[in-house]
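Let chain A serve as the given structure and place chain B on it in line with the hints.
As you go down the protein sequences, you meet chains A and B in turn. Residue 447 in numbering that gives the first Met the number 0 sits at position 448 of the first sequence; the count goes up by one each step and never skips. Residue 86 in numbering that gives the first Met the number 0 sits at position 87 of the second sequence; the count goes up by one each step and never skips.
No wet-lab data here; the hints were simulated from the structure. Built from N, CA and C at the ideal position, the CB exists for glycine as well. Check before you lean on any hint, since a few could be wrong.
Selected chain B positions facing chain A (Cβ under 10 Å, derived; list incomplete) [claimed, not checked]:
| id | residue |
| --- | --- |
| 1 | L13 |
| 2 | A21 |
| 3 | M136 |
| 4 | G266 |
| 5 | L284 |
| 6 | L293 |
Listed here are the chains, written in short residue letters.
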Amino acid sequence: MDDIKNKLTDSQFEFVSNVDISHDKKFETKPVGYFRDAFRRFCKNKSSVAAAVIILILVLYAIIVPLFMENDYTKSLTDTEYLQYTKLLPKSKLFSWAGWDGCEEKTINENVYNMYRAIGVETGYDPIKKVVDSWRENGSLYYKIKIDSYYALGMLYKSLTYDEYEKIQAWQNEHDIQVIFPAVNTSSFTIQSNKENANIWYEIKNNGAPKLDADGNIVPLYLQTGNDGGYHSKRVADDDGTFRYAKIGGTIDAMSYNVRVSKYNYFIYKYGREPYFVFGTNAKGQDIFTRLAAAAQFSFMLALFVSLINLTIGAIYGAIEGYFGGLPDLIMERVTDILSGIPFVVVTTLFQLHLANKVGPIVSLLFAFVTTGWIGMAGTVRMQFYRYKNQEYVLAARTLGAKNARIMFKHIFPNSLGTIVTSCVLVIPGVIFSESSLTYLGIVNLESSTMTSVGTMLANGREFLSTYPHIILFPALFIALLEISFNLFGNGLRDAFNPSLRGTED
Amino acid sequence: MFKYVLKRIGLLILTFMIIISACFILIRLLPVTEAAQFGQDQQLIENRRELLGYNKPYIEQYFLFLKRTLLGGDWGLSEKLYFGQEVWGVFVEKLPPTILVNFYSMLLSVPIGLLLGIYAALRKNRWQDHSISTIVMIFVSVPSYIYAFLVQYLLCYKLKLFPLQTNEGTEYFSWGMFVSMLPAVLSLSFGTIAGLTRYTRAELTEVLTSEFLLLARTKGLTKRQAIMRHALRNAMVPIFPMIIGEFVGILSGSLIIEEIFGIPGVGALYINSINGLDYNFFMLLSAFYTLIGLVAGIVVDISYGFIDPRIRMGAR
Numbered sequence: 000m001d002d003i004k005n006k007l008t009d010s011q012f013e014f015v016s017n018v019d020i021s022h023d024k025k026f027e028t029k030p031v032g033y034f035r036d037a038f039r040r041f042c043k044n045k046s047s048v049a050a051a052v053i054i055l056i057l058v059l060y061a062i063i064v065p066l067f068m069e070n071d072y073t074k075s076l077t078d079t080e081y082l083q084y085t086k087l088l089p090k091s092k093l094f095s096w097a098g099w100d101g102c103e104e105k106t107i108n109e110n111v112y113n114m115y116r117a118i119g120v121e122t123g124y125d126p127i128k129k130v131v132d133s134w135r136e137n138g139s140l141y142y143k144i145k146i147d148s149y150y151a152l153g154m155l156y157k158s159l160t161y162d163e164y165e166k167i168q169a170w171q172n173e174h175d176i177q178v179i180f181p182a183v184n185t186s187s188f189t190i191q192s193n194k195e196n197a198n199i200w201y202e203i204k205n206n207g208a209p210k211l212d213a214d215g216n217i218v219p220l221y222l223q224t225g226n227d228g229g230y231h232s233k234r235v236a237d238d239d240g241t242f243r244y245a246k247i248g249g250t251i252d253a254m255s256y257n258v259r260v261s262k263y264n265y266f267i268y269k270y271g272r273e274p275y276f277v278f279g280t281n282a283k284g285q286d287i288f289t290r291l292a293a294a295a296q297f298s299f300m301l302a303l304f305v306s307l308i309n310l311t312i313g314a315i316y317g318a319i320e321g322y323f324g325g326l327p328d329l330i331m332e333r334v335t336d337i338l339s340g341i342p343f344v345v346v347t348t349l350f351q352l353h354l355a356n357k358v359g360p361i362v363s364l365l366f367a368f369v370t371t372g373w374i375g376m377a378g379t380v381r382m383q384f385y386r387y388k389n390q391e392y393v394l395a396a397r398t399l400g401a402k403n404a405r406i407m408f409k410h411i412f413p414n415s416l417g418t419i420v421t422s423c424v425l426v427i428p429g430v431i432f433s434e435s436s437l438t439y440l441g442i443v444n445l446e447s448s449t450m451t452s453v454g455t456m457l458a459n460g461r462e463f464l465s466t467y468p469h470i471i472l473f474p475a476l477f478i479a480l481l482e483i484s485f486n487l488f489g490n491g492l493r494d495a496f497n498p499s500l501r502g503t504e505d
Numbered sequence: 000m001f002k003y004v005l006k007r008i009g010l011l012i013l014t015f016m017i018i019i020s021a022c023f024i025l026i027r028l029l030p031v032t033e034a035a036q037f038g039q040d041q042q043l044i045e046n047r048r049e050l051l052g053y054n055k056p057y058i059e060q061y062f063l064f065l066k067r068t069l070l071g072g073d074w075g076l077s078e079k080l081y082f083g084q085e086v087w088g089v090f091v092e093k094l095p096p097t098i099l100v101n102f103y104s105m106l107l108s109v110p111i112g113l114l115l116g117i118y119a120a121l122r123k124n125r126w127q128d129h130s131i132s133t134i135v136m137i138f139v140s141v142p143s144y145i146y147a148f149l150v151q152y153l154l155c156y157k158l159k160l161f162p163l164q165t166n167e168g169t170e171y172f173s174w175g176m177f178v179s180m181l182p183a184v185l186s187l188s189f190g191t192i193a194g195l196t197r198y199t200r201a202e203l204t205e206v207l208t209s210e211f212l213l214l215a216r217t218k219g220l221t222k223r224q225a226i227m228r229h230a231l232r233n234a235m236v237p238i239f240p241m242i243i244g245e246f247v248g249i250l251s252g253s254l255i256i257e258e259i260f261g262i263p264g265v266g267a268l269y270i271n272s273i274n275g276l277d278y279n280f281f282m283l284l285s286a287f288y289t290l291i292g293l294v295a296g297i298v299v300d301i302s303y304g305f306i307d308p309r310i311r312m313g314a315r
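Bound conformation, chain A alone:
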């Protein structure tokens, strides 16, 4: 056969008839291919297009935010600095008018109220936005106030080395922002907790209430004696040059400068920006916005990986089953029957117990997903192959001498691609859901300093559900949005690829 083909050249052929027999008009329009047609149908389904846009936004969020906004501040788990900035409420500069302003309503007693007021007086950031109500109960005064959680951060005692002390002073000179505030003369305080409370910088009575002067103002109690290591930087407004800004401790070799810093301004010094977090911070002080983006990135990557591996294994397995049928099909179907009988949670647990210590929790989770995950894909591909394998074009290909593998992957597979792509997309929300459930339950532990997952974030936010619901709100919102849009998108794809199926399954 090959010999003849090689011997014949084009010139040896001639037309049977030279008369042009086709009277049909040539098509003016461009031909519409399978995928183009599907795309056109998909675009008609408005909800699916909207879902696709939402998915795109979420994916971009997961890619871009960790690239550009992640820094030491958001990553590290053990930095003691930002343990000072825990559970801050979501605050957005753009949407502060809509209640997205980092404020909450709180009921406090008189002493705490005065402390917040004093913070406002000293730092210039008044945490009390509004006094909603005040009342007397059993002889003590209570306030219901709207309080800004960022401004309420207040003061902190910090122990610095000489270099750090100088560095902050230099920075203060440069930026004209007061980080270090005058030290307090605590000798008159009788209660130890008051001495340690950096927010009390005024004269107090024994019950903790401030002593007020004739005009009702707070009386400052700044330290005016002793050595502060030559403080030479910005001073507070009513300082006549006598206030001391540090208490010196430690040994002569290693002196420590104990200073009062404003947490708000210290943040600006340390991280170069004002502390406001659009999604707030979690119980460890990490920024939920960037943390969630990192978690989302992980979830997407995992889902994509699982989806691709499942596609590969499932396609090959299902193709062999569907194409050959008969005994191979029967045996291979029994194998999938058995595998699909194992509950997923059992598979994951076994993999975690065996592999997590050797190859890490992510790889073992991946293994668990792949072990049983491809079965659905294999089933889909098998059905498609049963549908197409007796079609005329397959017969034609076989008559022309095409090998089995060629018929399977060159002829049948492209025709079933639409269905396969759809089920591939529908795998993704399932994987993300399973991953979040498993990490939430603690069966899989993915928490580390550089990595997190949505499930872990949910689990960590659980204990603050009633007190700080924002910690759990954003991961929950993310996963809900993701699941809804992926399902809509997948359904839209399915309808677009198989118009005949429309409406039967949803």
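Only chain B this time, still in chain A's reference frame:
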């Protein structure tokens, strides 16, 4: 039909045995975690392990395990969680709360789901159908634990309608227990209602467009009669097996809902057995979950044949 059932049961037993054996081998391959702790007699531990047969060859252990568990119903003693107690006894004790919560959830969601689905199908392509379908789409997609958080925050914490956690104790049928279970029941129900609504709507709309319904109308039945006598009955053919399957599935419960609401059920036991590395519990519960899944599958398939005699099971 009979032959088909036998074949399915045979396959079930085969699958179950393979999975159990695999679990057994994988568990036995794990390192022993009973490290010598301060105040513990290492010799005592060794003696106990010897007596329990841990030092015999794996093959012998395997047959011993099969004989004890499947023939004798003895799944061993708890090694960590409930030290020294019979695993089976603890497991049976934990079953009622799981079953109750899921049973209440089914009781709530089946009627609502069916009614909503029927209503949406009858109002197809009108605003009622569109709004139901949209809501269903949302509720089907959102994971159940998100409802659990919502229910816990809004109903339990903000409005204080229910306690935050399920009551402890064994008075499963008391009113207080029922109320404390309701948040979990609600959280489980949203997804089930939505799923059932969607399925019912799809089946019923298909039946409503079929020709025999047109015939029923032409021969003089009112729309109501035609729907009640013909459409609904036929639409129920695929729906009922699904519900029956879910009823078998309620035994296994939902791990995550049990965790959130502190239901002292098998789900919590399973999680604890994993975290506490109590292998005997793990074996029993793995076997249990596997069996439930397999049985539910068979029950669904067989019930098709019972509900609709036109479907010949196992026929080619």
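Problem - Interface hint compliance - B:L13 to chain A, C-beta minimum distance less than 10 Å - result: At 8 Å from the nearest chain A Cβ, B:L13 passes the 10 Å test, so the hint holds.
Practice task
Could you check if B:A21 really has its C-beta closer than 10 Å to a C-beta on chain A?
Solution key: This interface hint holds because 8 Å falls under the 10 Å limit.
Problem - Residue hint B:M136, partner chain A, criterion CB-CB below 10 Å - result: 7 Å, holds
Exercise for the section: Would you settle whether the hint for B:L284 is holds or violated, based on the nearest Cβ-Cβ distance to chain A being less than 10 Å? Expected result: With Cβ-Cβ at 8 Å, under 10 Å, it holds.
Exercise for the section: So, B:L293 near chain A? Judge it on the closest CB pair being under 10 Å. Expected result: The hint holds - B:L293 has a Cβ within 10 Å of chain A, the shortest such distance being about 5 Å.
Handout entry: Cut-off 10 Å, beta-carbon criterion: hint that B:G266 touches chain A
Key = Check passed: Cβ of B:G266 comes within 9 Å of chain A, closer than 10 Å.
Checked against the numbered hints given earlier, this structure breaks none of them.
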